[in-house]
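There are 8 protein chains.
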Amino acid sequence: MHAEQLRALLEQVRAGALEVDAAIERMRHLPYEDLGFAKLDHHRALRHGMPEVVFAQGKTPEQVEEIAGRILQTSPNLLITRAGRPTAERVQARFPQVEYFPLSGALRAWGDRTILGKGRIAVVSAGTSDIPVAEEALLTAEVMGNEVEAVYDIGVAGIHRLMSARERLLQARVVVVCAGMEGALPSVVGGLVSCPVIAVPTSVGYGASFQGLAALLGMLNSCASNVTVVNIDNGFGAGYVASLINRL
Amino acid sequence: MHAEQLRALLEQVRAGALEVDAAIERMRHLPYEDLGFAKLDHHRALRHGMPEVVFAQGKTPEQVEEIAGRILQTSPNLLITRAGRPTAERVQARFPQVEYFPLSGALRAWGDRTILGKGRIAVVSAGTSDIPVAEEALLTAEVMGNEVEAVYDIGVAGIHRLMSARERLLQARVVVVCAGMEGALPSVVGGLVSCPVIAVPTSVGYGASFQGLAALLGMLNSCASNVTVVNIDNGFGAGYVASLINRL
Amino acid sequence: MHAEQLRALLEQVRAGALEVDAAIERMRHLPYEDLGFAKLDHHRALRHGMPEVVFAQGKTPEQVEEIAGRILQTSPNLLITRAGRPTAERVQARFPQVEYFPLSGALRAWGDRTILGKGRIAVVSAGTSDIPVAEEALLTAEVMGNEVEAVYDIGVAGIHRLMSARERLLQARVVVVCAGMEGALPSVVGGLVSCPVIAVPTSVGYGASFQGLAALLGMLNSCASNVTVVNIDNGFGAGYVASLINRL
Amino acid sequence: MHAEQLRALLEQVRAGALEVDAAIERMRHLPYEDLGFAKLDHHRALRHGMPEVVFAQGKTPEQVEEIAGRILQTSPNLLITRAGRPTAERVQARFPQVEYFPLSGALRAWGDRTILGKGRIAVVSAGTSDIPVAEEALLTAEVMGNEVEAVYDIGVAGIHRLMSARERLLQARVVVVCAGMEGALPSVVGGLVSCPVIAVPTSVGYGASFQGLAALLGMLNSCASNVTVVNIDNGFGAGYVASLINRL
Amino acid sequence: MHAEQLRALLEQVRAGALEVDAAIERMRHLPYEDLGFAKLDHHRALRHGMPEVVFAQGKTPEQVEEIAGRILQTSPNLLITRAGRPTAERVQARFPQVEYFPLSGALRAWGDRTILGKGRIAVVSAGTSDIPVAEEALLTAEVMGNEVEAVYDIGVAGIHRLMSARERLLQARVVVVCAGMEGALPSVVGGLVSCPVIAVPTSVGYGASFQGLAALLGMLNSCASNVTVVNIDNGFGAGYVASLINRL
Amino acid sequence: MHAEQLRALLEQVRAGALEVDAAIERMRHLPYEDLGFAKLDHHRALRHGMPEVVFAQGKTPEQVEEIAGRILQTSPNLLITRAGRPTAERVQARFPQVEYFPLSGALRAWGDRTILGKGRIAVVSAGTSDIPVAEEALLTAEVMGNEVEAVYDIGVAGIHRLMSARERLLQARVVVVCAGMEGALPSVVGGLVSCPVIAVPTSVGYGASFQGLAALLGMLNSCASNVTVVNIDNGFGAGYVASLINRL
Amino acid sequence: MHAEQLRALLEQVRAGALEVDAAIERMRHLPYEDLGFAKLDHHRALRHGMPEVVFAQGKTPEQVEEIAGRILQTSPNLLITRAGRPTAERVQARFPQVEYFPLSGALRAWGDRTILGKGRIAVVSAGTSDIPVAEEALLTAEVMGNEVEAVYDIGVAGIHRLMSARERLLQARVVVVCAGMEGALPSVVGGLVSCPVIAVPTSVGYGASFQGLAALLGMLNSCASNVTVVNIDNGFGAGYVASLINRL
Amino acid sequence: MHAEQLRALLEQVRAGALEVDAAIERMRHLPYEDLGFAKLDHHRALRHGMPEVVFAQGKTPEQVEEIAGRILQTSPNLLITRAGRPTAERVQARFPQVEYFPLSGALRAWGDRTILGKGRIAVVSAGTSDIPVAEEALLTAEVMGNEVEAVYDIGVAGIHRLMSARERLLQARVVVVCAGMEGALPSVVGGLVSCPVIAVPTSVGYGASFQGLAALLGMLNSCASNVTVVNIDNGFGAGYVASLINRL
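Protein chains in written order, with the working numbering: chain A, 1 to 248; chain B, 1 to 248; chain C, 1 to 248; chain D, 1 to 248; chain E, 1 to 248; chain F, 1 to 248; chain G, 1 to 248; chain H, 1 to 248.
If a hint is listed, it holds; no wrong ones were tucked in.
Simulated pairs of lysine to aspartate or glutamate, DMTMM-like, Cα-Cα distance not exceeding 25 Å:
id: 1; chain 1: H; residue 1: K118; chain 2: H; residue 2: E167
id: 2; chain 1: H; residue 1: K118; chain 2: G; residue 2: E147
id: 3; chain 1: G; residue 1: K118; chain 2: H; residue 2: E147
id: 4; chain 1: D; residue 1: K118; chain 2: B; residue 2: E147
id: 5; chain 1: F; residue 1: K118; chain 2: E; residue 2: E147
These are computed hints drawn from the structure, not numbers from a lab.
Model the full structure from these sequences, guided by the hints.
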């Protein structure tokens with residue numbers, strides 16, 4: 001970060017020449033830290049009120065470890081998604097406070113557990129195989145300061161299971177629904193609840209599922225009007241937007 | 001048909017040299033009538049136990065009229081699918097017993113209403129816009145000799161409507177389900193009933209429905225194991241197979 | 001609606017055997033009115049707190065008129081989307097309070113203008129050609145009881161126009177972004193604001209836009225984490241979800 | 001399963017307050033057993049009259065072993081599909097009655113060999129490479145209580161082989177046809193027989209077969225009206241529906 | 001054409017300085033006539049031994065008339081494909097020797113009926129709706145100097161019709177097979193005959209035929225090794241290559 | 001093979017009751033040998049005048065070895081395509097006359113080198129990476145009894161290389177052209193020569209080549225009329241059809 | 001435009017406080033004129049050194065007329081692309097200096113014909129049907145101040161035509177190549193010339209051309225390294241970039 | 001190379017019968033060196049003024065080493081792209097002047113560092129994961145004789161980072177932009193600068209990025225007119241064309 005920009009700003013504040021609110025507003029748009037291979041943006045926490053999140057796929061364990069170190073210097077919370085076991089081991093060796101979730105490949109430091117969300121977020125999965133994606137959404141929503149409830153394995157072909165979960169769904173303020181194969185669950189859930197539903201197609205399936213394309217198209221064409229969609233397997237994105245909504 | 005082949009066959013029967021069952025078996029594989037632009041196959045009625053069906057799309061009103069005339073010479077029942085109004089008017093002018101269904105574009109003569117099916121076939125539609133396809137399935141199943149029940153407009157986003165139709169679905173021996181958009185209804189119905197479900201994706205929808213592709217992929221990936229699928233908008237095919245199954 | 005169900009329920013309420021809240025909760029799941037060709041669900045208003053919306057495409061002017069009549073008996077507000085001019089003329093002839101918006105094809109009765117949303121919804125369009133979709137979102141959000149601001153024609157190739165609209169975007173509680181062609185605008189807007197962004201791909205473009213597929217894929221792959229996506233040209237869906245969020 | 005629900009039900013039966021048929025009907029919709037990572041549904045056997053089937057792909061050997069154990073406590077029959085050798089070895093080590101079929105990856109316990117189907121199911125493969133999928137269909141149909149006949153390697157380019165199998169096909173009550181590449185065999189078989197044909201596209205082929213897409217599209221467009229289609233490589237689904245039909 | 005190039009060439013021939021064969025060889029690569037909007041290549045007749053063919057689609061009646069006039073100045077034969085009725089009327093008004101075939105939209109002058117092919121070309125169609133494409137192939141092969149036989153309406157679902165045409169197919173030196181929907185016929189024909197089979201997918205079908213894509217993929221994946229494929233609806237190309245082969 | 005059928009046939013011949021030509025004709029349609037996992041068809045050699053060819057991909061080395069043994073009992077020539085090194089070693093260990101071509105994965109016994117083709121077949125490749133596919137075509141054409149010439153590495157971006165190969169191309173009776181990436185070479189070669197051109201798209205390329213789809217589409221849309229197309233990477237099919245044509 | 005911003009800027013210039021170059025640099029990023037339905041950006045002319053271009057498709061004749069009027073107030077040059085005849089007539093009625101090109105649908109005012117490009121731009125078309133797209137590129141390049149040469153109808157199947165145009169291509173500083181069907185021409189031209197080649201796929205073709213997709217993929221996979229690609233039918237974009245390059 | 005052709009040419013030059021310029025022009029089209037498995041074209045250096053570049057993917061280390069040796073005999077510069085570590089080690093062992101860049105897999109000899117470009121080329125990457133592709137473009141542009149500046153990690157969701165790089169972009173003569181996911185960066189950069197922008201879609205992303213298809217479509221539909229596109233991950237092509245433009 002350009003130190004002189006920040007110093008000038010803060011001196012104005014100290015001198016009473018700038019209101020605190022105005023200073024925060026300006027800081028939202030100050031620059032970022034240069035790491036050589038990736039530019040960290042601690043101010044995203046200010047802008048979105050969210051900690052920095054690292055997408056580990058395509059990065060070496062060394063790169064992830066270094067980024068994690070930088071973030072943990074200024075934040076008690078950290079989320080790393082799609083990390084393999086070598087990356088997990090390297091990060092955990094240096095930062096014992098980081099927990100690893102092998103199903104989804106997430107690494108999480110959760111030092112600050114303040115609840116920021118106004119209600120509960122329900123994270124739903126259609127089948128057992130969709131749980132890794134659901135877990136990524138759940139961990140994201142939790143580390144962002146939300147009370148989260150997991151409602152797993154309630155696929156549409158067993159409508160009775162779904163109906164028996166109805167009360168828990170009705171009590172949520174936002175619902176994230178992860179489903180592969182035909183991706184029909186968000187439509188059914190969307191018809192049951194009154195709140196926003198964020199649908200996550202998963203790449204679960206084979207043959208004509210085309211790695212999640214069938215589920216994605218199904219969700220985009222949902223006949224329930226309260227459904228929006230994120231990318232295939234993007235549990236993080238769903239948990240993130242659910243958090244934004246739940247803070248409103 | 002090669003007259004000499006048939007005569008030889010029938011003389012063998014008259015002479016007692018050929019059992020009736022054996023004669024029918026052989027006749028199954030005798031040839032067909034030549035019409036110049038289309039070869040009729042009256043023996044399909046023997047083979048499949050079904051009247052000849054005419055797909056009017058891409059044929060002129062004159063061609064359809066001529067084919068219809070040939071069929072009605074030997075059969076009291078006739079089904080013509082995907083006929084526009086000009087074709088309908090021409091056929092009805094000459095054959096007053098033929099009824100026109102403008103929603104689906106079907107023309108039907110239904111002189112022989114013998115019930116051949118063992119149980120009832122339920123024909124389900126997800127939304128109002130899917131009714132034309134459902135109607136094609138329903139008319140097909142009826143003219144093939146089945147008791148049919150229409151259960152329309154029970155899309156998955158209103159699961160309560162669907163649940164209130166549950167009893168009627170459970171009483172069917174075969175269920176045909178027509179749905180566009182996300183095509184989720186066959187999965188939910190498939191989970192409710194124990195009988196075979198024939199799913200018909202419809203081209204209803206817009207944008208990422210890609211003219212029924214989304215519904216088709218959804219149905220092929222159904223998590224309900226009792227679901228099989230036919231082509232987009234192929235109400236006829238679904239009604240036809242439902243009839244075959246219901247006669248077993 | 002099954003009258004006896006409702007009567008039984010209300011008698012319980014009158015007798016003091018059922019709390020009002022509990023009664024409303026049960027009524028949420030009572031059945032619907034049968035119209036022959038389409039089943040209206042006045043209770044959706046109770047469930048989602050939203051008026052019934054009619055998708056006119058694929059319905060005859062007569063059908064739309066009849067549905068509109070039923071809705072207007074119980075609701076001062078009505079939204080009909082994708083209506084052609086003949087449908088508009090027929091509906092307006094009978095219901096003079098209905099206004100027609102030819103760009104988007106929307107018909108709207110807006111008798112009850114109570115503001116239910118907590119903040120403002122910004123509806124953004126990338127180019128002039130995306131305005132019909134944006135207008136559908138805007139009209140939906142308004143009739144659902146929201147203060148809405150239109151921010152049109154700020155495509156990413158003119159980043160200065162976009163930057164000059166920054167303040168108005170930052171003041172919104174939810175942002176709807178409609179864009180065709182490469183569909184890049186939601187990513188840029190998503191990076192500027194802290195609130196949820198609902199992206200609507202439009203079918204604007206030619207050649208390799210493939211009727212909105214390029215924009216749809218772009219939005220699903222957005223590098224901004226606060227973006228979710230609805231179907232191509234689905235302005236209604238975006239306005240609807242934005243309303244749900246804005247009421248929280 | 002919620003024990004109290006079941007106990008209450010059965011006590012009613014014992015007390016003569018509930019007919020057996022009515023009890024079975026109610027039990028159809030009772031809940032399921034919770035396993036942590038997957039919810040078993042022993043009642044599916046009651047609903048569909050079929051044993052529970054496990055899709056092993058994406059599950060660890062330990063998970064499959066545990067699920068298998070639960071099922072075998074209440075059922076003499078078990079079918080596990082898409083199991084690799086490690087899973088097979090683990091399951092067989094504990095349950096010696098389970099047989100492994102490496103071609104299709106199926107594991108099967110077949111303690112109860114009661115025949116429930118009314119006729120014979122023919123399972124047809126176009127080429128040698130389609131046999132794994134055909135075997136999955138065949139094993140499924142057998143364990144569901146059907147007499148099954150395999151008719152392998154009768155591709156359409158050798159029409160004489162196909163014709164010589166004609167008699168065996170005509171004697172079947174349902175025919176399952178597995179074919180990759182151009183997927184033409186179901187159309188030809190469909191024209192030969194009068195019974196329902198369930199087509200299974202396989203991912204056999206290369207280049208423009210696009211992992212079974214060519215065969216899938218071919219089958220959906222079949223000019224034979226008695227053909228319905230399941231997902232690519234879904235031998236299980238085809239065997240399952242064939243069983244349902246054969247029991248009618 | 002650059003006159004001086006041709007004159008120099010011919011003077012060499014007259015002077016005995018150049019053999020006739022050598023002159024023809026050189027002329028093969030001389031340039032072409034400029035028409036402003038389209039460059040005719042009379043030498044293609046020399047190179048391929050074929051008359052110039054005009055693809056009328058996307059050209060105005062005037063353009064087609066002018067091109068036809070140029071060709072008919074030097075050739076008794078002419079083939080124009082994909083011409084609408086206005087183009088046909090304009091061309092026929094000026095050149096009465098030109099015949100119009102409305103089914104395929106072909107216009108043909110056939111002044112020189114010399115037979116150049118060594119055997120017979122069979123042109124096969126699967127259904128009635130494929131005849132327009134088959135006709136284009138047939139007319140092309142005829143005008144190129146071949147004996148041609150039409151074998152229409154022998155789709156794979158009626159294998160008996162196909163078998164009864166077997167002798168006629170076996171007598172052909174090249175077979176052209178036109179089929180839409182699942183496009184299975186070339187595979188079956190390819191297995192019956194020993195000669196090259198040229199497969200023409202047609203855009204006949206609906207839904208998942210995707211305008212001929214299903215048939216195209218099916219033919220490319222044919223399990224019969226003697227099958228090659230041309231573009232969807234490209235009857236001309238098939239007739240052209242069949243002619244080249246039949247002249248060998 | 002049903003021995004009695006063949007014996008009856010041959011006795012008729014010996015008795016003078018059947019001409020030799022007629023006997024051969026009948027034998028063309030006699031049945032085949034059963035191997036358990038694959039049905040060999042020695043009569044294909046009679047029907048197409050070609051040795052049996054084995055597609056090794058998806059078969060175990062043991063299966064390939066067994067099939068090879070059966071074929072070599074009756075034929076001096078054998079072609080096995082897409083064989084990995086383990087299969088090659090196993091087959092060569094038992095049949096030393098078999099040669100292995102690691103580039104294309106072909107195994108070939110070439111005991112009978114009689115030339116049956118009337119002219120020369122040119123096998124062309126666009127780039128170095130297309131040579132494996134070209135080699136498969138070349139080996140096929142050779143073992144089928146043709147004189148073959150390889151013309152490699154003459155891609156369209158170096159038109160001078162292509163032009164310098166012009167004479168060799170003009171002397172061929174059939175040309176096979178293998179090209180990946182944009183697949184443009186068959187069009188250019190097709191314009192240069194007068195004979196049939198068989199185009200083989202290869203999966204060479206990356207990104208938007210989509211595993212050969214770009215080349216396939218390019219070839220199907222060739223503006224040269226003498227081009228037909230086979231499946232992606234199907235060198236065998238191209239060599240096979242080229243042989244059929246060259247024997248005419 | 002915000003008048004005060006511009007005034008302040010110019011006063012600084014007049015006062016000598018701001019160099020002219022610096023002022024131009026700042027003006028590059030000043031805002032735009034608001035038209036209600038479309039925001040004109042006269043400063044684009046400053047930024048890119050290009051006149052404003054109007055894409056008429058999807059705009060009413062009235063809208064186009066109004067935009068044209070605004071532009072012509074400040075610029076002697078104007079290009080409107082994809083205009084139908086009604087739009088053309090309306091615009092020409094008011095602005096007689098505007099010329100209409102019906103083939104491409106372009107409208108052009110060309111008052112200022114200053115040559116700004118350093119060399120010549122060659123615009124090449126493969127076939128007659130590609131000329132509309134080529135014309136759009138040519139008109140664009142001309143109105144942007146370039147000397148342009150049209151080289152039409154030199155498709156790759158007639159390599160001799162192409163070779164005879166070689167000298168003209170070699171003299172160009174940039175080459176635009178428009179081609180439909182297989183889209184092979186840019187590769188061949190790219191191999192002949194040393195300068196940048198801009199490839200424009202056109203939607204010319206049928207069947208497996210998929211509205212230009214085949215040509216697009218072919219060009220993206222070009223084996224010539226000097227080729228870049230624009231959208232299908234985007235003649236304007238190609239002419240625009242060619243102008244930018246030619247001015248360097 | 002055909003020695004006699006070259007000798008004849010040079011003797012003409014020595015004899016004064018041919019100007020040097022004319023000789024160079026002719027030499028441009030002389031043939032190439034034959035290597036058995038790949039034909040080198042040293043004259044490409046003359047034609048395009050560029051060294052030979054080797055695409056290592058699909059070639060063995062031995063082949064790459066041999067080709068590299070040939071090139072280094074006549075050129076101080078060499079670029080090998082997409083080389084794995086074994087190839088790199090083999091080439092570096094023999095040619096110590098070759099440097100390896102493991103991120104992009106490039107090998108480069110850069111003996112002649114003469115600057116031939118007129119200005120600077122900016123190579124931009126949207127995210128960290130796009131750097132390998134950007135590096136390939138950068139190395140290509142450098143070895144072709146250009147001053148290059150890397151501007152990495154300025155994705156559109158952080159528009160402030162992008163704006164802070166604006167000055168460096170404005171100083172470039174050509175900009176190469178590499179981006180995966182939604183591929184929006186070229187549109188934004190294209191709107192900021194006045195020079196040509198070459199967009200490189202990368203295969204970075206997951207789910208609906210479909211290996212770079214989303215980015216590719218986005219770039220082809222860019223609303224910025226100064227953008228052209230190359231194949232997915234084709235950093236080399238972008239660097240190559242940027243060099244051609246920068247030399248003008």
